[in-house]
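Participant: In case you want the letters, here they are:
There are 4 protein chains.
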Amino acid sequence: MKGYHTYKTCIEACLRCAAICNHCASSCTQEQDVKMMAGCIQLDMECAAACYAAAQLMSLGSEKAKDMCNICADLCDKCAAECSKHHTEHCKECAEACKMCAQECRKMS
Amino acid sequence: MKGYHTYKTCIEACLRCAAICNHCASSCTQEQDVKMMAGCIQLDMECAAACYAAAQLMSLGSEKAKDMCNICADLCDKCAAECSKHHTEHCKECAEACKMCAQECRKMS
Amino acid sequence: MKGYHTYKTCIEACLRCAAICNHCASSCTQEQDVKMMAGCIQLDMECAAACYAAAQLMSLGSEKAKDMCNICADLCDKCAAECSKHHTEHCKECAEACKMCAQECRKMS
Amino acid sequence: MKGYHTYKTCIEACLRCAAICNHCASSCTQEQDVKMMAGCIQLDMECAAACYAAAQLMSLGSEKAKDMCNICADLCDKCAAECSKHHTEHCKECAEACKMCAQECRKMS
Numbered sequence: 133m134k135g136y137h138t139y140k141t142c143i144e145a146c147l148r149c150a151a152i153c154n155h156c157a158s159s160c161t162q163e164q165d166v167k168m169m170a171g172c173i174q175l176d177m178e179c180a181a182a183c184y185a186a187a188q189l190m191s192l193g194s195e196k197a198k199d200m201c202n203i204c205a206d207l208c209d210k211c212a213a214e215c216s217k218h219h220t221e222h223c224k225e226c227a228e229a230c231k232m233c234a235q236e237c238r239k240m241s
Numbered sequence: 133m134k135g136y137h138t139y140k141t142c143i144e145a146c147l148r149c150a151a152i153c154n155h156c157a158s159s160c161t162q163e164q165d166v167k168m169m170a171g172c173i174q175l176d177m178e179c180a181a182a183c184y185a186a187a188q189l190m191s192l193g194s195e196k197a198k199d200m201c202n203i204c205a206d207l208c209d210k211c212a213a214e215c216s217k218h219h220t221e222h223c224k225e226c227a228e229a230c231k232m233c234a235q236e237c238r239k240m241s
Numbered sequence: 133m134k135g136y137h138t139y140k141t142c143i144e145a146c147l148r149c150a151a152i153c154n155h156c157a158s159s160c161t162q163e164q165d166v167k168m169m170a171g172c173i174q175l176d177m178e179c180a181a182a183c184y185a186a187a188q189l190m191s192l193g194s195e196k197a198k199d200m201c202n203i204c205a206d207l208c209d210k211c212a213a214e215c216s217k218h219h220t221e222h223c224k225e226c227a228e229a230c231k232m233c234a235q236e237c238r239k240m241s
Numbered sequence: 133m134k135g136y137h138t139y140k141t142c143i144e145a146c147l148r149c150a151a152i153c154n155h156c157a158s159s160c161t162q163e164q165d166v167k168m169m170a171g172c173i174q175l176d177m178e179c180a181a182a183c184y185a186a187a188q189l190m191s192l193g194s195e196k197a198k199d200m201c202n203i204c205a206d207l208c209d210k211c212a213a214e215c216s217k218h219h220t221e222h223c224k225e226c227a228e229a230c231k232m233c234a235q236e237c238r239k240m241s
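Residue numbers (my numbering), protein chains in the order written: chain A, 133 to 241; chain B, 133 to 241; chain C, 133 to 241; chain D, 133 to 241.
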């Protein structure tokens, strides 16, 4: 049966990315120049939502897991690109997590 | 700005469907013949995950909201088809909620 | 069996509040003075997470639904207080949704 | 700032537990004797919902993270107790993940 063990690496990348996106969004609101982080906060929220849904559908062994991973990979790419513009620790970490997650999600297809 | 107000009808259909899928899955576990409900429980869980993610991405005004709605509509169709085989109140209600949600999600594309 | 029908009003208030919080967070990032909205974005994200978990546990008829509603009510209060400081349409709407959700969640206890 | 790094071990335990609960619920529906697994499916769903909400509130550095971890620990205990009654691989794995998650969540308080 497909599910957690089949997709373990990708599920873990998605869940880690979701948590780090939440953390990055929250940390962005505490920066001096919040306006500069606005796009980052927005994409962090979108990315976290997609990452968790992807992890859920993979864990459940859903037929739609791959399609969900495609959406997730696209949002991870956008979030990584935005985070890469900033030099805060949380953005650098988030860009890394997003890139790894996008890569794992693309392997699914 | 796109978001809650642009997609209100679809968001509400998704959120109602998610809650009713959760309820249906839980109610299925209490039926005399749980084995007969196995497919229903599985699809309820998948559908609820997709519905909530769709509602989130729409509320956030994400570019990926439409793609997410496509996945959601497909899972709603599958769940409605499975629920329609059963005559319990919760399955009938869930089939209805899934059909309405699939319809609203397809209007998005 | 407890679940969707027992808690329908509260579930709907939670899900509506979750979606409106997502929308408010996203809209806040687009305001001229994002820094002023930083606390609002943070509480919107916390509130949305709690609202959806409360709706899920109620829909599933969980024994822990009431405890979850307590957490949700507290976060709704904080979010409503923060949103009430701002005069944007999305913050006013969010404050209203949070107040209604807090009220419904407190009726659960 | 509190968040991902402060609570990393607990967040990871929660996210792993959520994914394994989803997998266990799904696997339970495929067992010969689904009726015997009914309680397990129900608690898997409740536990997964609480685990993800706990991970979210911790990642966001929310003041309510500890209260959420208490709910999560209680549901993990119930799920572990139920899963421990069964000898399938997914239930054994789920009981372990729930115990570890409950332990980490209790350290938070």
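Any given hint could be a false lead.
FRET-style restraints, in silico, Cβ to Cβ [what the hints assert, rightly or not]:
| hint | chain 1 | residue 1 | chain 2 | residue 2 | range |
| --- | --- | --- | --- | --- | --- |
| 1 | A | GLU221 | C | THR141 | 17 to 27 Å |
| 2 | C | ASP165 | B | HIS219 | 40 to 50 Å |
| 3 | B | LYS167 | C | LYS167 | 27 to 37 Å |
| 4 | C | LYS239 | B | GLU228 | 26 to 36 Å |
| 5 | A | SER241 | D | GLU228 | 27 to 37 Å |
| 6 | B | HIS219 | D | LYS198 | 37 to 47 Å |
| 7 | A | ASP165 | D | LYS167 | 50 to 60 Å |
| 8 | D | LYS198 | C | LYS217 | 19 to 29 Å |
| 9 | D | SER241 | A | HIS137 | 24 to 34 Å |
| 10 | A | MET168 | C | ALA213 | 43 to 53 Å |
| 11 | B | GLU228 | A | GLU221 | 32 to 42 Å |
| 12 | B | LYS239 | D | HIS137 | 52 to 62 Å |
| 13 | A | GLU221 | B | ASP165 | 53 to 63 Å |
| 14 | A | GLU221 | C | SER216 | 39 to 49 Å |
Treat the hints as calculated values from the structure; they're not laboratory data. The C-beta atom is built at its ideal place from N, Cα and C for all residues, glycine as well.
Participant: All hints are to be evaluated individually against the structure, with a verdict given for each.
Facilitator: Consistency of the hints with the structure:
Separated by about 44 Å at the C-beta atoms, A/GLU221 and C/THR141 break the suggested range of 17 to 27 Å. As the Cβ distance of C/ASP165 to B/HIS219 is approximately 57 Å, the hint placing it in 40 to 50 Å is violated. The supplied range of 27 to 37 Å is broken by B/LYS167 and C/LYS167, whose beta-carbon atoms lie about 57 Å from each other. Take C/LYS239 and B/GLU228: their Cβ atoms lie about 27 Å apart, and the range 26 to 36 Å holds.
Remark: the range hint 27 to 37 Å for A/SER241 to D/GLU228 is upheld by a beta-carbon distance near 32 Å. For B/HIS219 and D/LYS198, the Cβ-Cβ distance of about 45 Å falls inside the hinted range of 37 to 47 Å, so the restraint holds. One distance hint, 50 to 60 Å for the beta-carbon pair A/ASP165 and D/LYS167, holds here, with the actual separation near 59 Å. Look at D/LYS198 against C/LYS217: about 26 Å separates their beta carbons, and that is inside 19 to 29 Å.
Checked against the hint of 24 to 34 Å, the pair D/SER241 and A/HIS137 passes, with Cβ atoms roughly 32 Å apart. Checking the proposed 43 to 53 Å range against A/MET168 and C/ALA213 shows it is violated: the Cβ atoms sit about 27 Å from each other. Remark: the range hint 32 to 42 Å for B/GLU228 to A/GLU221 is contradicted by a beta-carbon distance near 49 Å. Our hint of 52 to 62 Å for B/LYS239 and D/HIS137 is violated, since their Cβ atoms are close to 43 Å apart.
Taking 53 to 63 Å as the suggested C-beta distance range, the pair A/GLU221 and B/ASP165 conforms, at roughly 55 Å. For A/GLU221 and C/SER216, the Cβ-Cβ distance of about 33 Å falls outside the hinted range of 39 to 49 Å, so the restraint is violated.
Checked against the numbered hints listed earlier, the structure breaks hints 1, 2, 3, 10, 11, 12, 14; every other hint is satisfied.
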